Amino acid sequence: MNQYINKPTSAFIAASWVALIAGAAAYIIGLFNAPMLLNEKGYYLILILYGLFAAVSLQKIVRDKLEGIQVTTIYFGLCWASIIICIALLAIGLWNASLALSEKGFYIMAFLLSLFGAVAVQKNIRDLDYLRSHLQSPSVPNYTNTEFQHIEHDEEKK
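Taking this note's numbering, the leading residue of the sequence shown gets 256, the next gets one more, and so forth.
FYI, nobody ran anything at the bench for these hints, they're computed from the structure. Honestly, I wouldn't trust all of these hints.
As the list claims (entries may be wrong) - Restricting the straight-line Cα-Cα distance to at most 20 angstroms, the calculated cross-link-like pairs of lysine to aspartate or glutamate (EDC-like) are:
1) 262 with 322
2) 315 with 358
3) 378 with 319
4) 315 with 382
5) 296 with 358
Unchecked claim - Ranges of calculated distance between the beta carbons of each label pair, as one might list FRET restraints:
6) 330 with 261: 36 to 46 angstroms
7) 380 with 292: 35 to 45 angstroms
8) 384 with 350: 36 to 46 angstroms
Here the structure is a predicted model, which means the values were calculated and not measured. Cβ atoms here follow ideal geometry from the backbone N, Cα and C, with glycine treated the same way.
From just these sequences and the hints, can you work out the full model?
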């Protein structure tokens, strides 16, 4: 099975980092300024940290499976469960919070933007690392960045 890994564009790399930083920063700044007790702020902080970790882990597992790397079913299930649990706990927490509806929407959007940004950043890092390691290999032709659009990846050689 052949797979093509496209080099991410600079615009996509920048947009991914902006999404991650903007989402996480907005969420954290919102928490810092929120009229909540410290234990409530801790709850929401742990949710975003757990959510970011779960999203990156899920992206890695999905990518591993696509590349033919052995992935256990239990870990794949735990990653999905973690994402679902994070979003459910955020929804339950916000439903019961004494915040304005606009503030609740703000936290949901900042949380989801952060998750998207984390997944996109991790994908870009993995793609660039893969391309960098294969471009330095003597068996792969030495392409320049402008000439290089994708590299054929032969899974049977792994």
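Checked hints:
For the hint pairing residue 262 with residue 322, the CA-to-CA distance comes to about 16 angstroms; that is within 20 angstroms, so the pair holds. Proximity of residue 315 to residue 358 is assessed by CA-CA distance (about 32 angstroms); at most 20 angstroms being required, the pair is judged violated. Restraint check for residue 378 and residue 319: the C-alpha separation of about 11 angstroms stays at or below 20 angstroms, so the hint holds. Using a Cα cut-off of 20 angstroms, the hinted pair residue 315 and residue 382 holds, with the two alpha carbons roughly 11 angstroms apart.
Pair hint residue 296 plus residue 358 holds up; C-alpha atoms about 14 angstroms apart against a cutoff of 20 angstroms. About 27 angstroms separates the C-beta atoms of residue 330 and residue 261, a value inconsistent with the hinted range of 36 to 46 angstroms. Our hint of 35 to 45 angstroms for residue 380 and residue 292 holds, since their Cβ atoms are close to 37 angstroms apart. Taking 36 to 46 angstroms as the suggested C-beta distance range, the pair residue 384 and residue 350 conforms, at roughly 40 angstroms.
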